[in-house]
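Enquirer: Letter by letter, the chains look like this.
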Amino acid sequence: MQFDSFSDFLAMGGYGFYIWLAYGLTYGLLVGLAGYCFWELKAFHQNFRQKLARAQRVKQYQETEHP
Amino acid sequence: MVMTFLRRELVLLARQKADWLNPLLFFIIVLTLFPLGVGPEPNQLRIMAPGIVWIAALLSVLLAAERLFRDDYRNGVIEQLVASRQGVMAFVLAKTAANWLSTGLPLVLLSPVVAMLLGVDKAAFIAMMLTLLLGTPMLSILSVLGAALTMSADKGGILLALLIVPLYIPLLIFASAAIEAAGMGLSYSGQLAILVAMLLLALALVPLAVASALRINVS
Amino acid sequence: MFKWLHPLAKPETLYRFCGHLFPWLMLSALTILLVGNVWGLVFAPQDYQQFDTVRIMYIHVPSALLSMSTYTMMAIAAFIALVWQVKVAQWSVLAIAPIGAVFTAISLLTGMAWGKPMWGTWWEWDARLTSQLILLFLYLGVIALYGAFSDRQTGGKVASLLAVIGVVNVPIIHFSVEWWHTLHQGASIMKFDTPSVHPSMLWPLLISLLGFYLLMLALVCLRLRTAILEHEQHRPWVRATLGGH
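Protein chains in written order, with my numbering: chain A, -5 to 61; chain B, 74 to 292; chain C, 88 to 332.
Note that these hints are calculated values from the structure, not bench results. Any given hint could be a false lead.
[As the list claims (entries may be wrong)] Capping the alpha-carbon separation at 16 Å, the derived lysine to aspartate or glutamate pairs in EDC-like fashion look like this: (1) C:K97 <-> C:E319; (2) B:K228 <-> C:D238; (3) C:K174 <-> C:E317; (4) B:K228 <-> B:E82; (5) A:K45 <-> C:E317; (6) C:K174 <-> C:E319; (7) A:K45 <-> C:E319; (8) A:K36 <-> C:E317; (9) C:K97 <-> C:E317; (10) B:K90 <-> B:D144; (11) C:K174 <-> C:D238; (12) B:K195 <-> B:E253.
[Stated by the list, open to error] Per label pair, the in silico range of CB-to-CB distance: (13) B:T105 <-> A:G8: 43 to 53 Å; (14) A:G26 <-> C:H261: 23 to 33 Å; (15) A:G26 <-> B:E152: 37 to 47 Å.
[What the hints assert, rightly or not] Stretch-level coverage of chain A by chain C, calculated; a stretch enters the list once three of its residues show a Cβ under 8 Å from a Cβ in chain C: (16) -4 to 8; (17) 11 to 25; (18) 31 to 43.
Built from N, CA and C at the ideal position, the CB exists for glycine as well.
Chain A with its partners taken away, still in its complex shape:
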């Protein structure tokens, strides 16, 4: 352990701002990227299900109205 106390850890020997800025930006971007990747997959699933349901409805409609 390199630091005596938690506030010591936060201060980082006077360079706290730069270090926490770097780590904050890094993890902010990484979380954003991961979130975007997950969102893409989820959006595709949703879109795909809607398309399938729509195709199903069109099929049913055609079968009932025009025998």
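Got chain A; can you put chains B and C on it based on the hints?
Expert: For chains B and C alone, coordinates are given in the frame of chain A:
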């Protein structure tokens, strides 16, 4: 083969004067904007002049790049070339040469006048001419590459600049380093050697990439 | 030699393979990243010259290395796509590009945050920084070029071509600190004979690097799965997998 294509390109350029005159006019207009923008202080202008000339040259070559393959693509010339399975490479080389002759070379010839207007001193002037002479062919090669990549794109235009300007950056860095060294009375043969090396490397590899980009774009 | 790779060229097989791989990659990436970064932030010693700012190294160096190896990976995929016309290689180029762009942006931003206290400036136009910035533009160029074509296949091919051309920049970035002696310091962990980093700092660095690597692979898996689904959505197997009727 190359000469036939080159003659064709030059005849086309002679007919469509706007294609190569507009970038030249643009070059001069950008240059006149700088003294108005940063103030007509002679000492300041003298220091900044080579860089200004380089940036103006870069922008005007970029302006000329957009129309490089447009007409040939729309007329179906490129499709014919690719379908006939010959001459694509010669066509690319002729295109590059014609582009340099119509935009690069006039810029090099114009720059002494411009340097005079901006009051560049002698050492920096020679360095500027040498770097322009070595750098403008490279600008032409890269803009041919960019034009070939975006040839059949629906939203070309600004995309071409986005692709090509980053590739211009190393060129600009070494050219301005050479001019800066010349201005301080130092030797700048190292920077010139790197410019030559980049030019030769690009001349060897880029036409291959351009030819395959043309093939992809019409397939 | 590469026979075992051949089944993976089939989109359906690759989709399942990535699906199996993804949870393990993500889990191990997060664990290892946590270990590496906490070690670097809390337990690693401070540098006698750079004091505590050296702790930025544990994200700066991995992300910078990753930005280059991701680009190389993308260029290899692009080359395969252009030469052998493998569909999934084509899709993976576009799957990799945004991930590489984010890693490049991270390396630039952390470098800026490290440069301010150590060099006294956020940005310096030296060779390493400039070539890294060009790498970011290349990633963005690949993405933008793909988006500019209404025909997705042509767009993908042209973007792949740009990715292959841009690979010239990778050795330039790597050797820029040796060719031009400017502000940026030389390589520290790529010299295996005499590593210039003390083991107490090297270990957390290597662990963080591994964590970043696994995270990149996990995200590539995830995006590749999405890309495969999107391109193959009219095939029966997608319908069967996603619980169609």
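Enquirer: With reference to the structure, classify each hint as holding or not holding.
Expert: Structure-based check of each hint:
1. With a C-alpha separation of about 11 Å, the suggested pairing of K97 of chain C with E319 of chain C holds against the 16 Å cut-off.
2. A hinted pair counts as satisfied when its Cα atoms are at most 16 Å apart, and K228 of chain B with D238 of chain C qualifies at roughly 12 Å.
3. With a C-alpha separation of about 13 Å, the suggested pairing of K174 of chain C with E317 of chain C holds against the 16 Å cut-off.
4. Distance restraint check for K228 of chain B and E82 of chain B: the Cα-Cα separation of roughly 26 Å exceeds the 16 Å cut-off, and the hinted pair is therefore not satisfied.
5. Of the pairs offered as hints, the one joining K45 of chain A and E317 of chain C holds, with about 13 Å between alpha carbons and a cut-off of 16 Å not exceeded.
6. Under the criterion of a C-alpha separation no larger than 16 Å, the hint pairing K174 of chain C with E319 of chain C is consistent with the structure, at around 11 Å.
7. With a CA separation close to 14 Å, the supplied pair K45 of chain A and E319 of chain C stays within the 16 Å bound.
8. Between K36 of chain A and E317 of chain C the CA atoms are separated by roughly 12 Å; this keeps the pair inside 16 Å, and the hint holds.
9. Pair hint K97 of chain C plus E317 of chain C holds up; C-alpha atoms about 15 Å apart against a cutoff of 16 Å.
10. Using a Cα cut-off of 16 Å, the hinted pair K90 of chain B and D144 of chain B holds, with the two alpha carbons roughly 14 Å apart.
11. Annotation: proposed proximity of K174 of chain C to D238 of chain C holds, straight-line Cα distance about 15 Å (limit 16 Å).
12. Distance check on the hinted pair: K195 of chain B and E253 of chain B sit about 13 Å apart at the alpha-carbon level, within 16 Å; holds.
13. The beta-carbon spacing between T105 of chain B and G8 of chain A, approximately 50 Å, falls within the hinted interval of 43 to 53 Å.
14. Distance hint for G26 of chain A and H261 of chain C: a CB-CB separation of about 28 Å, consistent with the stated range 23 to 33 Å.
15. The given range of 37 to 47 Å is respected by G26 of chain A and E152 of chain B, whose C-beta atoms sit roughly 43 Å from each other.
16. Against chain C, the region -4 to 8 of chain A contributes 6 residues with a C-beta closer than 8 Å to a partner C-beta. That satisfies the three-residue criterion, and the hint holds.
17. Under a criterion of three residues with beta carbons nearer than 8 Å to beta carbons of chain C, the stated coverage of the region 11 to 25 of chain A is upheld, 9 such residues being counted.
18. Interface restraint, the region 31 to 43 of chain A with chain C: holds (8 residues with C-beta to C-beta distance below 8 Å; minimum three).
In summary, the structure is inconsistent with hint 4 from the numbered list given earlier, while agreeing with all the others.
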